Amino acid sequence: MSLATDRHDVVVDIGGTAILLRTHSEAFRTLLQDRYQHFLREPMSRQSARDPLALDVELLPESGPVTPHEELVVRHDGDRWQIVRGDFRAHWDAVRGHGTITQTLSPFAIDSVLRVVHSLIQAPRGGFLLHGASAIRNGRAFLFSGVSGAGKTTISRLAPPDATILTDEISYIRRLEASDGAQNETSQRHGRPVYEAFGTPFAGELARIGANGRAPIAHLFFLTQGPENRIDPIPTSDALRMLLRNILFFADDSKLVEMVFRSACEFVDHVPTSRLTFLPDQRVWELIQ
Amino acid sequence: MADTFIARSPAIAARALGGEMMIMSAVDSTFFSLNEVATVIFQAADGRTPLAEIVEKKVCTEFEVEPEEAQRDAEQFVADLSKHGVLLVSDQPIQAHNFPNTPVKKAENS
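Chains P and L, in that order, are what the protein sequence lines are.
So the first sequence is numbered by this note's numbering: it starts at 1 and just counts up by one.
So the second sequence is numbered by this note's numbering: it starts at 1 and just counts up by one.
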């Protein structure tokens, strides 16, 4: 009996959520191992794996677009999602936790699919991905959100040695229960949700993969650069508006909108938010403790 | 004058937070935050109660506003929100089609 082409499995664990990437391409496996080097786990044995989340990757020769869509398009039929862009076509079954990707040998395609899939996984759980930098200091995570040019990479570059940068571009936020290993004992005792930030391999202009760490979120700052370093309170409605503007959100689907909206409302209801105006120098970090 | 009936659209997500009503359209992801008067009207928009009755019994009594002024403002508010698909407007009672709940924090209910 002839054997099927060797399969190369890579498990990428982001946000404490492991996804098995299955490919027959050794070159693609190498690409994955390089790109997600701090976010890899050992592939599970067939006996020990409980039906893991998985994506089967089919590679195409690098010649021309995979689909005619220049921009990312996400559609669904029930729990089956279709994710397409010029350089890939993907499907994700949210109930089975399985999907497929057809793409060229490019890291950008798999990055995009992983971001969308993780967003879909976390949406019903109260979590989300956010355009924002995040860092751990003194055992607590601080988020820095804002539009392009607001200063996410700048504040990441200014971080002191005792701060661990989780990402300068895409922050991963999870709402955790005690069974998820939530680390905030005080919140668990009082029955309040615990929000944690996790590192991601999605780098911005810092061009550096974030640390694979996690910590309870102490504060969300909305960034703006200015003539002084200061923290100002903001009305809840403004915080929610700005948060919604920066959550990775890619489909005008009523069910998804409701989940994302509910998640954002719960988040601002439980996590302090402020506006952080800062000069582009290290003194701003004296305010972030 | 014919009655105007208003109902919350099923294509929105809404939540009372920090004393304000926050609404997001599922159609175009537009975000709204309503002031106190607008919140009262929005929460009373059950499709069965005419707008004039909402204004008379809820707005005028709670906020000490002249009826004519309150009615004018309410009509403008309803027109604005219906343009964005947040409120449904009709001259007949509107059938309830899975109206979105507007969950309120426990403290605000007590």
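One should not assume that every hint holds.
Unchecked claim - Covered stretches of chain P, going by a simulated chain L footprint (3 or more residues, C-beta under 8 Å): (1) 120-127; (2) 154-162.
To be verified - Quick list of simulated restraints, FRET-style, between CB atoms: (3) D80/L with E228/P: 35 to 43 Å; (4) H69/P with D80/L: 32 to 40 Å; (5) G19/L with F250/P: 39 to 47 Å; (6) S148/P with A2/L: 46 to 54 Å; (7) D80/L with E26/P: 55 to 63 Å.
Since the hints were derived computationally from the structure, they do not count as laboratory data.
Keep in mind it's a predicted model, so treat the numbers as computed, not measured.
All C-beta atoms, glycine included, are put in the ideal place defined by N, C-alpha and C.
Report task. Please write out, lowest number first, the hints stated earlier that are contradicted by the structure. Result -> 1, 2, 5
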